[in-house]
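Just add 1459 to the spot in the sequence shown (first one is 1) and you have this note's numbering.
Because the hints were derived from the structure by calculation, they are not lab data.
Hints are supplied without guarantee of correctness; some may be wrong.
[Stated by the list, open to error] Computed list of lysine-lysine pairs in DSSO-like fashion (alpha-carbon distance at most 30 Å, straight line):
| id | residue 1 | residue 2 |
| --- | --- | --- |
| 1 | Lys2069 | Lys1647 |
| 2 | Lys1594 | Lys1764 |
| 3 | Lys2069 | Lys2091 |
| 4 | Lys1891 | Lys1787 |
| 5 | Lys2094 | Lys2069 |
| 6 | Lys1594 | Lys1582 |
| 7 | Lys1761 | Lys1928 |
| 8 | Lys1891 | Lys1928 |
| 9 | Lys1928 | Lys1647 |
| 10 | Lys1761 | Lys1787 |
| 11 | Lys2094 | Lys1647 |
| 12 | Lys1928 | Lys1787 |
| 13 | Lys1764 | Lys1928 |
| 14 | Lys1594 | Lys1647 |
| 15 | Lys1764 | Lys1787 |
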Amino acid sequence: MWPRMQPGFFDIPQQAVNQYWIFASGPFTLRPDQTERFSTSFVFGANEREMFRNAQVAQRIYDADYRFARPPLPPTVTAIPGDGRVVLQWDEIAELSFDPIYGFDFEGYRVIKATDPSFRDAKDITDALGTPRYKVAIAQFDLVNGLTGPHPLQLGEEIDQPTGVHYYMGDDTGLRHYYIDEDVVNGKMYYYAVVSYDQGYDLDFFERGISELDNLFRISPSESPASITVTNGVISSFSPNTAAARPNTQPTDLVEGSLDTDGQNRIQRTDGVATGSIRAIAVSPQLFEDAAYSISFEESRKPDKSAVETTTETFTVVDDLGNVILDKEPVPRRLSGVPQTVWTHELLDRGFILQFENQEPTLANTQQNSGWSSESDTNVRTRISSVQTFAYPDGPIWPLSVQIEFFDPDGEPVDSHFTSTTGNISRPVYFKVTEYGTGRSLDFILNEPAATRNNGVIDLNESIQIVFKDNPTDARYIPAWQITFERPVDSSGNDLPDDEIVLPQPGDIYVLRSQIPFGERDTYSFAARARVANPEADESLLNNIRVVPNPYVAATVTEGRPFLQGRGERRIEFRNLPTQSTIRIYTVNGTFVRELDESAGYAVWDLRTKDNLEAAFGLYFYHVRAEGIGEKVGKFAIIN
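Turn these sequences into a full structure, and let the hints guide you.
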């Protein structure tokens, strides 16, 4: 042993055998009660160049007193198999990762898929020298922060060992914590990894708002490791960010969970006037519970805008038992700090996500969507504008829809208008101005020329201004929307003569339609229903039972045989079973072979008898007994 510990001695270890490790530093003096510290580095590499590169990284870590950049924490992944699909869900722990040098530098997730636990059939991303570096992802989700496409630095460039490969940072898709894989075959095992990755660092990241720290060393991104350990052909452990799932048919006597949304997954607005929409999208119906949910909002005044110009600030979700599912969750914001109008919130533990599509009013959109009702007789043209004032030179864009309904001028007045912004004088009119959809009365000013003043009806070149007060104690009103009634024209754009003009008549309705964001008056409600037994289940369900494959010829695509020792897995599936089904298998002469129980809508036979012997080739019969439904007999074959 002593010669092996002398300076300059390097052993060449044998390959594919158990290794022993000897660490030595040569002779040195160690006095009584003296302590010496030493550091050890295990360096591996796919080739000599890679070995020296990794050794250089290890030396830098040592020189930095073990302060080195670290990849984000791996998320914890759950795989939920279904019929023709696998749903992956993972937590948010990676987003809370703190790098000791680069701070909070999490960037996104990559989803990797394979059909063997070592991910050998997932495509490799190699560097310029052909060394595999990463696996190709089937999906990627990243922060919306402008860090997109290939990273500025090559892997290894920070240590002057560029490899020619740039980490792909994503496309500003926004983060998600689920993925639905529908490119699967029922009965086949799939293996998944969800790796989290950081932002790396470049010199302009602080200026671009990507990093909260300045003047750091440039570094290429890193991702969390992921592995499934296989021992003697059997999976012995999964890292937290890996999972396996085998999709298959579901029990035929159950009705899948559902959400009471419309054909486009939209939730019903049960109160308020918002024009946006919310969708509830099923991700894992197996997780649905019987519950009703309501969504409400808080709003806030836009900076440097009038009191009526608000934006959605938070949203809250509660169930019918009063449990608060989300409490004043802030609306996500863009990089500029402006609240997003389209965003998603995941309630994956309840099996669905919420997609919000908010709307903000604009002058152009209001002009486009406003007009006379189809039943109106008048042909008077209208023009919509936002009134500019000294306080608000751009004019308030009020998220408000207005209805003007006209009545008989020979009858009693139905409303009154102000003659100025003081609101001190009001005059009766024969039309009513209200909020569209609620009927709430609105304050307004009617601007009339002297010739038609105070007649209480709408004439040409008159206008209505919808007004408000910034504060209830203000002395004056502030005009917002203005509707001007103008002379109609013919198809060539020429003014119509007086005898062809039809002024607003009793029964005519004009609607100013504005887009309205979610606000404090709005409530959206929907219900979820859990999976339940089908009350109409009968013996006809048994006609759907299938044996896959039939016949069984030596092997099937669903078997994981190629990367296991020996013959590997053998597998025949009985699909489309009702719950609580029992399958008994017999030979053609009636000898009992094996009994199987249904699990999740199907049962698996490993082609071994009740005595743990391999089943012989030939014809077999199966008998299915479904509790409370009935019985069925069928046959299948095993062919050499």
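Exercise for the section: Compare the distance between the alpha carbons of Lys2094 and Lys1647 with 30 Å, and conclude whether the hinted pair is satisfied. Expected result: holds (23 Å)
Exercise for the section: Could you grab the alpha-carbon distance between Lys1928 and Lys1787 and see if it respects the 30 Å cut-off? Expected result: holds (28 Å)
Problem - 30 Å limit on alpha-carbon distance, applied to hinted pair Lys1928 and Lys1647 - result: violated (66 Å)
Practice task
Could you grab the alpha-carbon distance between Lys1594 and Lys1647 and see if it respects the 30 Å cut-off?
Solution key: Between Lys1594 and Lys1647 the Cα gap is close to 21 Å, so the pair holds against 30 Å.
Handout entry: Satisfaction of hint between Lys1928 and Lys1764, Cα-Cα up to 30 Å
Key = Holds. Lys1764 to Lys1928 sits at ~13 Å (cutoff 30 Å).
Practice task
Quickly compare the C-alpha distance for Lys2069 and Lys2091 to 30 Å and report which way the hint goes.
Solution key: holds (21 Å)
Handout entry: Pair hint Lys1891 and Lys1787, alpha-carbon separation not exceeding 30 Å
Key = The hint is violated at about 37 Å.
Exercise for the section: Verify the proposed pairing of Lys1761 with Lys1928, using a straight-line Cα cut of 30 Å. Expected result: holds (16 Å)
Handout entry: Restraint check for Lys2094 with Lys2069, where alpha carbons must lie at most 30 Å apart
Key = Roughly 19 Å between the alpha carbons, so the hint for Lys2094 and Lys2069 holds.
Handout entry: Restraint check for Lys2069 with Lys1647, where alpha carbons must lie at most 30 Å apart
Key = holds (25 Å)
Handout entry: Distance restraint between Lys1594 and Lys1582, which requires alpha-carbon spacing of 30 Å or less
Key = holds (6 Å)
Handout entry: Given hint Lys1787 paired with Lys1761 - CA-CA distance at most 30 Å
Key = holds (18 Å)
Hint violations for this structure: numbers 2, 4 and 9, all remaining hints satisfied.
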